[in-house]
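Novice: Residue strings, one per chain:
There are 2 protein chains.
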Amino acid sequence: MKIAIAGSGALGCGFGHLLKKNGQEVTLLDNWDDHIEAIRLNGLKVTVNGTEETQRMAIYKPHEVKEEMDVIFVFTKAMGLKSMMESIAHIIGDQTKVICLLNGLGHLRTLEAYVDKKNIIMGTTVWTAGIDAPGVTHLNGQGPVELQNSDPEETAAALKIVEILKNSGLNGVYSSNVNYTTWRKACVNGTMNALCALLDTTIEKVFASSTIDSMLTGIVSEFATLAEVQDNIKLDVEETITYLKNLADKVGAHYPSMHQDLANMRPTEIDFLNGAVAEASKRFGLQAPYCQKVTDLIHAKEEILGIESPIK
Amino acid sequence: MKIAIAGSGALGCGFGHLLKKNGQEVTLLDNWDDHIEAIRLNGLKVTVNGTEETQRMAIYKPHEVKEEMDVIFVFTKAMGLKSMMESIAHIIGDQTKVICLLNGLGHLRTLEAYVDKKNIIMGTTVWTAGIDAPGVTHLNGQGPVELQNSDPEETAAALKIVEILKNSGLNGVYSSNVNYTTWRKACVNGTMNALCALLDTTIEKVFASSTIDSMLTGIVSEFATLAEVQDNIKLDVEETITYLKNLADKVGAHYPSMHQDLANMRPTEIDFLNGAVAEASKRFGLQAPYCQKVTDLIHAKEEILGIESPIK
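Line by line, the protein sequences are chains A and B. End of the first sequence = 667 in our numbering, gap-free, step of one. End of the second sequence = 667 in our numbering, gap-free, step of one.
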């Protein structure tokens, strides 16, 4: 199958590499010149769970590719999804499946502007990846890559992609409730991630605060209310908080990604977490003041640090 | 008149000095050993608007003083008021007037547990002061010290204190709306002060944020709602925000006191600003999620920095 990776950063390169090893016809798409040049010159150097390999990969800027794809995985940062969709619109055909594994909320809404809902497959992944240098990436993971068709009629298409991922060593799993998993992950990122970024500290320090219950309850309640009203997803607030605390016990020493974003002068994904909840809540006539406050503060912090606004 | 200064830090020493120069019989009360010792040994060295003077002052720990006072000015930090009131209860008589110029909200409620309301005079001041070393302080100001009797029947008592302050060079002014001024000052501190502390930056940087309107509106609306419900004080939200922005233009380069508290490892007064609004709102069945979130975050920040909880 002709597969494009739209956004060939760390995770995109890792997925592209494993799909190509499985015999798929993979094209990497990206806009970073140094990265493209390095991969064209030296091949992609990719370390998967500790094993380094070099692989020749086709890599182009989106406008350089002309033919319609069978499958496109989008692997941008959340704030890059819309502009990526605009730049790949010409390679999306009537039958092209678009698979979205991005963290955060609101992506289906963005995709629907460019892709027929019957062709959209939403998913989640717990695999992690990083870029070590232009053309040099690593990918780590064993957990599931969960997929589900957005259109209830289109299960077969999702099952086909699950099969390809499975055969590629990417642990594809069909899920009947990807949306729940997405909301739950968003709760993790909208609490730990946002609070660590704001308070400039580790997860364990944030969760040791005397005000942690109040902070978690405020944010999670707003996520849960919207999840139910918008998507008919039931997130139990108490159970979610217990889950968050257990998770915090395991990963306490960690600085989550939004903290790293600020430390590295990159815009955060807050608009696709707490910000998305605040915005969508307004559309449903709901209040989400905790999420709004956190979003306002994170954006203020980005600007104070001199980080430029993301393209939305 | 026999006047005690309960809490003889910078502002207390400055007021005590000027009242004594005016012929009042002033006793300073404090618990800081080095400060007491320095003033007993060398007198109080105090610089008022740039002019340095040394003055012999009586200074004691609260329990060392036995006689009832005519007037007591309380000049503690907000979180020290309650324990100070406990330690001076024995010098408060049926006729002792207690004057409170503290920043923040909720102090009348605290005072009423120790003093008959007819003897409580509330006020505000824009004078500033600092401690340079034990026994060495400075006081700066020209603006009004506004006073008002808590009990509407007791105007004469407040006018008498106003007169004494005027004669002492402290620009006493009778106000028919001290409560309004207190709420307005609390709005300043609950926005600029809290946000600068949280975002670790100056007023001008906070006010240059793209999210400043949302942040100010959220907080000020909650202050305004409670002010009306609890105290029948009308704070116009739009007008207050315009006032805050104009003020920010003037004092933009400044790090407000709550930021300095964190930088100097001292607990902040957040429980007497946003925290007081969140707590009191609950008593009236109101929601104050913005103030709650800010309070939670500031307390988390204090704890992350290793600052010990204040005595409440």
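If you're looking for bench data, these hints aren't it; they were derived computationally from the structure. Just so you know, even glycine gets a beta-carbon here, dropped at the ideal spot from N, CA and C. Among these hints, one or two may not hold up.
Claimed, not checked - Sample of chain B residues at the chain A side, in silico, Cβ under 8 Å:
#	residue
1	N377
2	Q450
3	T451
4	G573
5	Y645
Said to hold, decoys possible - Pair ranges (Cβ atoms, derived):
#	chain 1	residue 1	chain 2	residue 2	range
6	B	G485	A	F639	49 to 55 Å
7	A	S565	B	D586	26 to 32 Å
8	A	S531	B	E593	45 to 51 Å
9	B	M620	A	D506	54 to 60 Å
10	B	K589	A	A608	48 to 54 Å
11	A	N601	B	G498	50 to 56 Å
12	B	G485	A	A608	37 to 43 Å
Novice: So, for every hint listed, does it hold in this structure?
Specialist: Verification of the hints:
1. N377: Not OK, violated: N377/B not within 8 Å of chain A, min 46 Å.
2. Q450: Violated - the Cβ of Q450/B stays beyond 8 Å from chain A, reaching only about 42 Å at its closest.
3. T451: violated, 37 Å
4. G573: G573/B check passes; min Cβ-Cβ to chain A is 6 Å, inside 8 Å.
5. Y645: With Cβ-Cβ at 5 Å, under 8 Å, it holds.
6. G485/B - F639/A: 49 to 55 Å: holds, 51 Å
7. S565/A - D586/B: 26 to 32 Å: Cβ of S565/A to Cβ of D586/B: about 29 Å, so the range 26 to 32 Å holds.
8. S531/A - E593/B: 45 to 51 Å: holds, 50 Å
9. M620/B - D506/A: 54 to 60 Å: Once the Cβ atoms are compared, 57 Å apart, the range 54 to 60 Å for D506/A and M620/B holds.
10. K589/B - A608/A: 48 to 54 Å: 50 Å Cβ-Cβ, so the 48 to 54 Å window holds.
11. N601/A - G498/B: 50 to 56 Å: holds, 54 Å
12. G485/B - A608/A: 37 to 43 Å: The hinted range 37 to 43 Å holds for G485/B and A608/A, with Cβ atoms some 40 Å apart.
In this structure, the earlier hints numbered 1, 2, 3 are contradicted, and the remaining ones agree with it.
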